[in-house]
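Residue numbers (my numbering), protein chains in the order written: chain Z, 1 to 81; chain A, 82 to 167; chain C, 168 to 356.
It should be emphasised that the hints constitute simulated quantities derived from the structure, not laboratory data. Keep in mind that a hint or two might mislead.
[Stated by the list, open to error] 20 Å max Cα-Cα, derived DMTMM-like pairs, lysine to aspartate or glutamate:
1) K76/Z <-> E303/C
2) K139/A <-> E172/C
3) K12/Z <-> E236/C
4) K140/A <-> D115/A
5) K173/C <-> D116/A
6) K128/A <-> D317/C
7) K180/C <-> D22/Z
8) K140/A <-> E236/C
9) K173/C <-> E160/A
10) K128/A <-> E160/A
11) K159/A <-> E236/C
12) K304/C <-> D67/Z
13) K219/C <-> D116/A
14) K76/Z <-> D318/C
15) K219/C <-> E344/C
16) K76/Z <-> E236/C
17) K347/C <-> E157/A
18) K219/C <-> D115/A
[As the list claims (entries may be wrong)] Not close to chain Z: a few residues of chain A, all C-beta gaps over 10 Å, as computed:
19) K83
20) Y90
21) A98
22) F101
23) Y109
24) T112
25) A119
26) Q121
27) S126
28) E138
29) K139
30) K140
31) A161
32) P162
All residues carry an ideal CB built from backbone N, CA and C; glycine is no exception.
One-letter residues, chain by chain:
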Amino acid sequence: MQKGMHMPSWYKTYHPYVSPMDPCPPITTKRYSTPPNLYLGFQPPGLEQFTPSAALKAGTLWKYFYDPYYSTREMKKGVRE
Amino acid sequence: MKQVPPQYYSELEQIQAIDFVIVELALYLHTHPDDLDAIQQYNESVKRSKALKRNFEKKYGALTSFGYSYSRHPWEYKEAPWPWQV
Amino acid sequence: MWFYEKKLQYPVKVSTCNPMLAKFLIEQYGGADGELAAALRYLNQRYSIPDKVVGLLTDIGTEEFAHLEMIATMVYKLTKDATPEQMKAAGLGDHYANHDNALFYHDASGVPWTAAYIQAKGDPIADLYEDIAAEEKARATYQWLIDLSDDPDLNDGLRYLREREVIHSQRFREAVEILKEERDSKKIF
C-alpha cells in the first residue's frame, strides 16, 4: 500500500427485512465481499510486496490485494489472523 | 514403498514460493510491459528458481520430462509420488 | 505447446478423511464457474482477441489448470481410502455407483460439465467482461465452500484459490482498460 492511498473495507453488510412470518431464525446482518480489484483501477507500479514465502501464503505478491475470506464460524473461533 | 523425507516438503515449498512470484510478475507484466523494476525482479526470480530446481532435482528426480530437466539412469520422472499423492 | 511440472502450485493439505467436503468441492472441478471451465474458456477465447491481451489469457488459462490440479488433489485426499459406506453416508452413493472413487467432471449435484458453461463471442469486450464475471463467481463459490468446510488445512488452500480469483479479475479489468485506450495515447497511472 502506497502512502496516502485510501484503504477501503473489503466487506460490506446489509440488513434484510425480517417478517414475523419467516420460519427460520432471522439473520439480521448479511455480509458481502467487495474485493480490492473493485477499487484500485490500473495497478500503479511499485506497490508494496510480500516476501516470496508470505506471497505464496497470501495468494498474491502485493499487500494491497490481500483480502482473505473467513467464515463466521472461523471468525468466532478466532482463526482470523 | 519409499516415502519422501520431511525436508522434501520444505524444499518444494521454497520452489513453490519463488515460482509463485514469477507467475504473479508475469501476469502483471502482461498489462505493465514497460515496468523495468518488475522485469529485473522477474529475471532474478527466474535465476533463483532455476538454482533451487537444479538442487531439488538432484535429490528427488526430474520435475519435467519434455526437456527442461536432465535425466539420470534409470528414467526417474515416472516414479511416484505424484504431486497429488505426497 | 505445454509441459507438465511435477509439483503443485501451492502446498495442498487436508486434515481429515471427509468425502462430504469432496462432494462440495467438486463444484470447482466440473461446475459452471469451476477451474476446468475457466481454463478452457480463456485458452479458447485467445484465438480471436487483440494480440495485446493474448499473453494474459494464455497465462491465466494455464494457471487455471494448476488450480484444477489443486482441487483434484483436495478431492483425491478427502476420498482416498473412503469405504463405499462412507461415500454413501456423504451423499456420494450415486457418484460411487458410476465412478467408484474416481474423479469426474461434474458439479456438486452431479451435473456433468458442458461447453454451454462458457462462451467465445469474438467480441473482445464481451469476452473480457465474461471473464471478469467468471472470476467473481468463482470467488463467491470459494467463499461458500469455506463457509461449508470445517477443515482448517483445506480452508487455507481454498483461501489461496479465492485470492487468485481476485488477482485474475484485476488483470482482466486492466486488459479492458488497455483495449479502451485511444491508439498511440500515453498511459496515465
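Outcome of the hint check:
1. For the hint pairing K76/Z with E303/C, the CA-to-CA distance comes to about 26 Å; that exceeds 20 Å, so the pair is violated.
2. A hinted pair counts as satisfied when its Cα atoms are at most 20 Å apart, and K139/A with E172/C qualifies at roughly 15 Å.
3. Taking the CA atoms of K12/Z and E236/C, the gap is about 32 Å. The hint is violated against a cut of 20 Å.
4. With a C-alpha separation of about 39 Å, the suggested pair K140/A and D115/A falls outside the 20 Å cut-off, and the hint is violated.
5. The hinted pair formed by K173/C and D116/A fails the criterion: a straight-line CA distance of about 31 Å is larger than 20 Å.
6. For the proposed pair K128/A and D317/C, the alpha carbon gap of about 40 Å is over 20 Å, so the pair is violated.
7. For the hint linking K180/C to D22/Z, the alpha-carbon distance of about 40 Å lies beyond 20 Å, and the restraint is violated.
8. A threshold of 20 Å between alpha carbons decides the hint, and for K140/A with E236/C the separation of about 24 Å lies outside it, so the pair is violated.
9. With a C-alpha separation of about 11 Å, the suggested pair K173/C and E160/A falls inside the 20 Å cut-off, and the hint holds.
10. A hinted pair counts as satisfied when its Cα atoms are at most 20 Å apart, and K128/A with E160/A does not qualify at roughly 27 Å.
11. For the hint pairing K159/A with E236/C, the CA-to-CA distance comes to about 18 Å; that is within 20 Å, so the pair holds.
12. A C-alpha spacing of about 16 Å is found between K304/C and D67/Z, which places the hinted pair at or below 20 Å, so the restraint holds.
13. Straight-line distance between C-alpha atoms of K219/C and D116/A comes to about 16 Å, which keeps the hinted pair within the 20 Å bound.
14. Taking the CA atoms of K76/Z and D318/C, the gap is about 15 Å. The hint holds against a cut of 20 Å.
15. Between K219/C and E344/C the CA atoms are separated by roughly 11 Å; this keeps the pair inside 20 Å, and the hint holds.
16. Under the criterion of a C-alpha separation no larger than 20 Å, the hint pairing K76/Z with E236/C is inconsistent with the structure, at around 31 Å.
17. Distance check on the hinted pair: K347/C and E157/A sit about 50 Å apart at the alpha-carbon level, beyond 20 Å; violated.
18. Distance hint between K219/C and D115/A is fulfilled; the C-alpha atoms sit about 13 Å from each other, no more than 20 Å.
19. Chain Z leaves K83/A outside its interface by the beta-carbon criterion, the shortest separation being 27 Å against a cut-off of 10 Å.
20. Taking the minimum C-beta to C-beta distance to chain Z, about 13 Å, the non-interface status of Y90/A holds against the 10 Å cut.
21. Interface exclusion of A98/A from chain Z breaks down, the closest Cβ pair being 4 Å apart, not more than 10 Å.
22. Distance to chain Z contradicts F101/A as a non-interface residue, since its nearest Cβ pair spans about 5 Å, not more than 10 Å.
23. With a cut of 10 Å on Cβ distances, Y109/A falls inside the contact zone with chain Z, its closest approach being about 7 Å.
24. At roughly 7 Å, the least C-beta separation between T112/A and chain Z is not larger than 10 Å, which violates its mark as non-interface.
25. With a cut of 10 Å on Cβ distances, A119/A falls inside the contact zone with chain Z, its closest approach being about 7 Å.
26. Q121/A, annotated as away from the interface, keeps every beta carbon of chain Z farther than 10 Å; the closest lies near 12 Å.
27. A cut-off of 10 Å between C-beta atoms contradicts the statement that S126/A is not in contact with chain Z; the least separation is 8 Å.
28. Every CB of chain Z lies more than 10 Å from the CB of E138/A, the least distance being 20 Å, so the non-interface label holds.
29. For K139/A, the non-interface assignment is confirmed: its Cβ lies about 22 Å from the closest Cβ of chain Z, beyond the 10 Å cut-off.
30. The claim that K140/A is not at the interface with chain Z holds, since no C-beta of that chain comes within 10 Å of its own (minimum 20 Å).
31. The claim that A161/A lies off the interface holds: its Cβ sits roughly 25 Å from the closest Cβ of chain Z, which is beyond the 10 Å cut-off.
32. For P162/A, the non-interface assignment is confirmed: its Cβ lies about 21 Å from the closest Cβ of chain Z, beyond the 10 Å cut-off.
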